Every structure is written in C-alpha cells, then in structure tokens.
Amino acid sequence: MKRLEIDAPRGTGRPVVLVVAIIVALAITTLWFREGTNGPVHTARRAVMLVSEPFAAVGTFVTSPLRAAGQWLGSATVSRTDYASLKAENVKLRVQLAQTTEELLQSRRTGPLTAWASQNPGMKKVGATIIARPTDSWDGTVLIGRGTSSGVRIGDPVIAAGGLLGQVVEVTAFDAQVRLITAQDSGVSVIVQRDRAPGIVKGAVDRSLSLDFVDKSKTPKVGDMLLTSGLGRVFPADLIVGQVTGVSSSRTDLFPEVSVASLIDLDDVEEVLVLTGTVPTASGQGGGGE
Amino acid sequence: MNKFIPAAIALAAAAVLQIALAPYLAIFGVVPKFLFVVVVVIALTEGSVAGCVAGFSAGLLLDLLGAGVVGPYALVMCVVGYLAGMLQANLFAEGWLLPVTTVFVASLGTEISYGVILSVIGLSGSFWHSLFTVMLPGAVYNTALALVTYPWLARLLRADRGVKSLGRLA
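As they're listed, the protein sequences go chains A and B.
Going by this note's numbering, the residue at position 284 of the first sequence is 284; the numbering climbs one at a time, nothing skipped.
Going by this note's numbering, the residue at position 51 of the second sequence is 341; the numbering climbs one at a time, nothing skipped.
Please keep in mind that the hints were generated in silico from the structure rather than gathered at the bench.
All the given hints hold, so there is nothing to weed out.
Simulated DEER-style distance windows between Cβ atoms:
#1 B:Leu388 / A:Val222: 44 to 52 Å
#2 A:Val62 / B:Ser409: 34 to 42 Å
#3 B:Val438 / A:Leu73: 15 to 23 Å
#4 B:Trp386 / A:Val51: 31 to 39 Å
#5 A:Ile200 / B:Leu446: 48 to 56 Å
#6 B:Val395 / A:Thr100: 52 to 60 Å
Rough simulated footprint, nothing fancy, chain B against chain A, three-plus residues with beta-carbon under 8 Å:
#7 14–20
#8 45–54
#9 63–69
#10 136–143
#11 205–211
No experiment lies behind these values; they were computed from the predicted model shown.
A virtual CB, placed ideally from N, CA and C, is assigned to each residue, including glycine.
Turn these sequences into a full structure, and let the hints steer you where they fit.
See the structure below:
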C-alpha cells in the first residue's frame, strides 16, 4: 500500500493552483506598471538586488581566474603581450582621434557654444566596479558597486574606457543597476560626428547596436563616430556611443539601416565612471554636463 | 512535508548559481538558466502542482533579478512547470531521452512565450531575430545543462524512493 502511495502521480489534476499562479503573476505585472518607483514590486526588486549582491561578488571573484584563462586561450594565436598592448592602444587612439576631431569641430563652431561650455563646471564622477552581469539572455543590465550613499541616482549616465556604457535604472544605498546601451529597451539620442546628423542608437536582444531615424540625405559612412546629442538631458552631450560598422539602404527604405559597434568590450569591462549631477532635478539643479 | 525540502534546496542552489555563475557561462550573450532546469526536474519528479509552484517562484526571482517588467517569467514558468509535471506519470522508463527532450521543448516554449509577452507589451524587437539569437540557442544551452545536471538533481529529488542507480532515475 505504501509503495502505491509513493509511485502514484503526485500533485496532478489541480488546475486551481495554476489558475491562482497565473492570476497572481498577472496582478504583479499590472502592479509593476501602475505603481511608482517606491511601490512594493520595485521595493522587492531592490531587496533582491541587495541580497544577491554578495553572491554576485563571490561569483565574480571565483570566476576571475577562469575568465583570465579564457582570455589567455582566446588570444593564444598571437603574442599575448603584444595583443593586449595593441588592443589597448587601438582603443586609446580611436578615442583620442574622436576627441581631437570633436574638439576641432567644436572650435570651429561659433562662440555661444564655447561660452556655454566654459560656464559649466566639470562633471562629477564616481568610480565603480561591475559586480554582476546579466543573469538572463533577455536582460541587458549590470550591477555596479555604488549607490545612493555615493551620490548615484536613477538616470545617471555611466561611462567606461571607450565611451558610454549605459544609464542607472535602479539604485539602492550601496549598488545600482545599469541598463546597457546594448539592451533591447535602450535608446540613445546621438549625432554623427562628421556632419551632426541626428539619430537614435538602439540596442537589441543579441546585444548589437543599430542607428535608426537618420535622414537618408545624411546617410553615415562606415567609420563615422557617434556621440550623444545631449537632447532631453538624458545624457550629457559629446560622449562617445560607438562607431558605424555597416550601412545599407534601398530606395524603399524610409531610413538607412546602420549597424554600430560600441568601442567598449562589454564582456570584459570592469571599471566604470558614474557621471553624477548630470540628471536635472525637480528644483532645476543638475544638468551640468549638458 | 519533508519531500519539499530537497526541492527547496535545489531551487536555492540554482538561484545562487544563476546569480554567481550563470553570467560567466554566457555564450554569445546566451545565459544558461539553472533555475529553469531545476523547475522542470521538480515538475517531472514531483508533479504538476510542485512544478507550478516552483516555476512561479523561480520565474518571479528571474524577473526580479533583471531590470525589465516583473511578472512575465513567473507567468510563463508556472504554466510550463505545470505542463511538464503532467508528464510525471509517464516517467517510469529507464533512460534520459524523455526528460532531456522535455527540457528542450519546455525551454523553447518558455523563451518563445516570454518573447511574445514582451512583444505584446512593446518591450521586444524582432521576433524572428530573437528566435535565432536567443530562443533556440537558449533552449539548446539549457538542454545541455540538463544533460549534465539531471541525474544528480533527480537523485536528490527522488531520494525518498530509495533509487540507487543513476540509470534508473529517468
């Protein structure tokens, strides 16, 4: 008799549990959309962030030798020292070239912009390290080890060597969640450095970047650098977003299809800077980077 | 109630692995889902109700770990856990093919359903693009993970049946 009880199918034929679970899930989704940032679901997410942070930090620490070994194997076909130095130098030179070009173009523009720039003090920066990476294929966020106790706020831009990395979307006292520019729900207002053509750089589920809504008459060229436009004060102007890697356009397309690559190696980046004080507050403060 | 303890331990361990290890096992941005594999194995060993509850819990955790809308994973995974649990009565044969096939089909179903929900609420891009870059690779990755972990998970979750041989677990 006991054997029969053990082997009998357990827990089947109770769709009421399924119905309740579906209703609760739909209620949570609805609540997430309707509540404010201090609502119960958002608060629960911040709590999960706090609880998961130590585990993520341990994971980062424990896997660092394995990741280093993977990078070592990945570059085994060339001299590792040469490869690392050339790669670093290449990124540095591309950034320097973009910055120099931008400064040159800026100097050619008329006085008001220069005067405006000189009237704005330097942006405040907070250094941080990435302590957790996306836990799901659909997720395009990383966790950094700085929070409100360091002056980080929701909306603050985050940069890394090579340009714009993303934007803070959730913050606790000691850490913050950063939505990468490659996330599928990310969009950055940019301009093409060469001709100032505006557009929107969007992410995708496979973490690729594309440039949308660019006027066909100003179709970018491969190699063009894309900078933040500063429109809407979401990001400070003139941060490097990426470089055009491919352009295709047919007569029936309303906008050209432009593929973009970030200069940041998102899988390897570890240190970032949070630009605090660039997001306008209700009292009108901030926006120093505009 | 004791039979729920191994399931809870397996879910907790999967949660830790999902946070600490899974991000570093990503291949071309595709992250394995330890939590999902555990949910399917719980469903296959404990039945629909346990699968549904485990799926809801694991899905909610996955939702909360990300930055997007909270709820879709809980919704999808409770349904998948329930459906996978309906196969429990048929898992008497020795072998690994049925559980692993179940993981693949369930994983693909979960990813597609999640993508559809994101599309409906306007948070996803091209469905076909997602199918070939995230959904199918994710299902394959989870299946490979199940091949490695299923025997050990099944031994943990079916300890009350006194099964000694890994070959008999499936």
